[in-house]
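2 protein chains.
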Amino acid sequence: MKSKLIRLVNMPSGMPQIDDFLLEEEELQSITDGQLLLKPLFISVDPYLRVAMSGGHPPALNVGDIIISRGIAAVVTSAHKDFKTGDLVMGYMEWRDLLLRDGADLVVLEDKNMPLSSYLSVLGTTGLSAYFALNEIGKPKKGETIVVSGAAGAVGSIAGQIGKLFGCKVIGIVGSDDKADFIKNELRFDAAINYKTTADIGAVLDKLCPEGIDVYFDNVGGNISDAVISKMNDYGRIVVCGTIADYNDEKGAVGPRLLPLVVYKKLLIQGFLISDYKERFHEGRAQLKQWLIDGSLNYRETIVKGFEQLPAAFIGLFNGKNEGKMLVEM
Amino acid sequence: MKSKLIRLVNMPSGMPQIDDFLLEEEELQSITDGQLLLKPLFISVDPYLRVAMSGGHPPALNVGDIIISRGIAAVVTSAHKDFKTGDLVMGYMEWRDLLLRDGADLVVLEDKNMPLSSYLSVLGTTGLSAYFALNEIGKPKKGETIVVSGAAGAVGSIAGQIGKLFGCKVIGIVGSDDKADFIKNELRFDAAINYKTTADIGAVLDKLCPEGIDVYFDNVGGNISDAVISKMNDYGRIVVCGTIADYNDEKGAVGPRLLPLVVYKKLLIQGFLISDYKERFHEGRAQLKQWLIDGSLNYRETIVKGFEQLPAAFIGLFNGKNEGKMLVEM
Chain A
1 MKSKLIRLVN MPSGMPQIDD FLLEEEELQS ITDGQLLLKP LFISVDPYLR
51 VAMSGGHPPA LNVGDIIISR GIAAVVTSAH KDFKTGDLVM GYMEWRDLLL
101 RDGADLVVLE DKNMPLSSYL SVLGTTGLSA YFALNEIGKP KKGETIVVSG
151 AAGAVGSIAG QIGKLFGCKV IGIVGSDDKA DFIKNELRFD AAINYKTTAD
201 IGAVLDKLCP EGIDVYFDNV GGNISDAVIS KMNDYGRIVV CGTIADYNDE
251 KGAVGPRLLP LVVYKKLLIQ GFLISDYKER FHEGRAQLKQ WLIDGSLNYR
301 ETIVKGFEQL PAAFIGLFNG KNEGKMLVEM
Chain B
1 MKSKLIRLVN MPSGMPQIDD FLLEEEELQS ITDGQLLLKP LFISVDPYLR
51 VAMSGGHPPA LNVGDIIISR GIAAVVTSAH KDFKTGDLVM GYMEWRDLLL
101 RDGADLVVLE DKNMPLSSYL SVLGTTGLSA YFALNEIGKP KKGETIVVSG
151 AAGAVGSIAG QIGKLFGCKV IGIVGSDDKA DFIKNELRFD AAINYKTTAD
201 IGAVLDKLCP EGIDVYFDNV GGNISDAVIS KMNDYGRIVV CGTIADYNDE
251 KGAVGPRLLP LVVYKKLLIQ GFLISDYKER FHEGRAQLKQ WLIDGSLNYR
301 ETIVKGFEQL PAAFIGLFNG KNEGKMLVEM
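Same order as they appear, the protein sequences are chains A and B.
All the letters of the first sequence, read from the start, carry residue numbers 1 to 330 under UniProt numbering.
All the letters of the second sequence, read from the start, carry residue numbers 1 to 330 under UniProt numbering.
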């Protein structure tokens, strides 16, 4: 039995290229005791994988490695006492269309009330990132103003809506008019800024939030963040979820100095790893699901079909190809 | 009766100059009910005053204002029921050699066991800044590595010693060999770096702390902080107490981007205002005093004599003229 797999064959310098990935085929071993034969149904592609390729996010990805990301798979054959054929399991898995695994770090998906893909999007680590990072780092209070960059993306789209549920004013920054319409009309953000058609983001922010910004939920970094951070109020909180604008920069990128602003405005700037909140995923997922069921939370997914499309879907993240979570369906 | 006073007559652009200050003389009004006639004994000069001149630290200082900073004064005459002649009081006061005040925000110095000046240095807001910011933001754990910039200064010299008391390895960055000797020999820092004679601070840090840096207690900002921050460990905490290197920069200074590092290393960067810990000053002062009494904490003061020297002493802060707290004695 053969398995297709995708390997990292060049360490991307700057923007990842299709040639950095190689599709191979391999004969699978026979299943042995304690193993599972899995058939992935959805595989998640995420910006953090670019960080993993620079060693900044576990598991680090090196040249020659088969890429690993989160996925949902069906158990085709089980030789493991905790899993049975037909189970759906979720966890980190290699980019293979068929794989042998032990059961470590795999969770059986018990709750099947929601669409399968949602467990990798709004109910997965991206939705949970929005929930925990906004709550625990951003600590928004009713009536405060939140700006979200990458606001139509997997994390930003959820973070902004949670901000609205907390009674905040929420402004989203996005990269197209379609995305601006999406976050205003479907996600009920108070306002949207298309950074690609806005010459002076700072001036627009001055108009949209003359009261200043209390929480900045940042997914992009770069010039957009410079503009937002200069408008922070005293004791503002900057949740640094990602800096996708910077991931593909060569070393040595410069920008306005932040530390003087940190002093002048008593700012908090913090990064996080969603797995640090692992013990509380249950709590976060229950709240997000409740909001989905009662209609107070919307989400969108960009689903690309075909195992071979994984590298292209991943690269698409850096070209703004997705609204909501980008997933690949086998 | 006449009072000398010092007024800000130009908003400094860049480094403050002697000409930005004007010494005047004024006839004092007669004391009225509820007032105190105070004779300052020590007045504190602090880098944050430069920030106040840019509106970034309360109370903001504008052109024409008499400078205000913390001081200790003797009550010459009291027409206020809560104060009596001969009391020593501490609080924010105008730069005058004799002044009329109501009693608001003045505290009678009850504890006179320690040298008077120490209540404006190690037992004052600079010592308390070291104590609370290191504890509450830096959260050092035994065995961790702390780097302190401005390590011979009023706050840094105390922060580094507290780090040692917590069982950390502490490296200080200073601006002269004398200061390096001071922090190593008198303050028991593990190592000192004289940034003025060190071409590559990063390389020296690599040698001194190959295990990386867990807490950076920053008083200076600028290039020194760039070098330190690039060596932070995952989940490192950066306490931004001050960025004296940046205070006199014209707007538009640039440096390496920090947000990617915040993401990659899950860093925390936080500023603070010591008055936010006001309710806990008693606790902090008691601990600092205990350490002074049992000999585990040393401190130094740079005391300039003469009311007229206030502007020069203030400017001296930006030229590294002080070891420990800079104070002016009347």
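A couple of the hints might just be wrong.
Since copy identity is lost for identical chains, a pair holds within one copy or between any two.
Simulated crosslink set (SDA-like; lysine to any residue; CA at most 20 Å straight-line) [said to hold, decoys possible]:
| no. | residue 1 | residue 2 |
| --- | --- | --- |
| 1 | Lys39 | Leu23 |
| 2 | Lys265 | Asp249 |
| 3 | Lys207 | Arg285 |
| 4 | Lys207 | Leu23 |
| 5 | Lys139 | Leu273 |
| 6 | Lys169 | Lys196 |
| 7 | Lys184 | Glu301 |
| 8 | Lys266 | Ser176 |
| 9 | Lys265 | Asp246 |
| 10 | Lys231 | Ala60 |
| 11 | Lys139 | Gln270 |
| 12 | Lys207 | Glu283 |
| 13 | Lys169 | Gly202 |
| 14 | Lys231 | Arg280 |
| 15 | Lys169 | Thr32 |
| 16 | Lys231 | Gln270 |
| 17 | Lys142 | Val9 |
| 18 | Lys231 | Leu165 |
| 19 | Lys39 | Leu5 |
| 20 | Lys139 | Lys266 |
| 21 | Lys305 | Asp82 |
| 22 | Lys196 | Ala104 |
| 23 | Lys265 | Gly255 |
| 24 | Lys184 | Glu136 |
I should point out that these hints are in silico values taken from the structure, not numbers from a laboratory.
If you're wondering where the values come from, they're calculated on a predicted model, not measured in any experiment.
> Hint numbers the structure violates, sorted upward?
Replying inline: 3, 4, 6, 8, 12, 14, 15, 17, 18, 21, 22, 24
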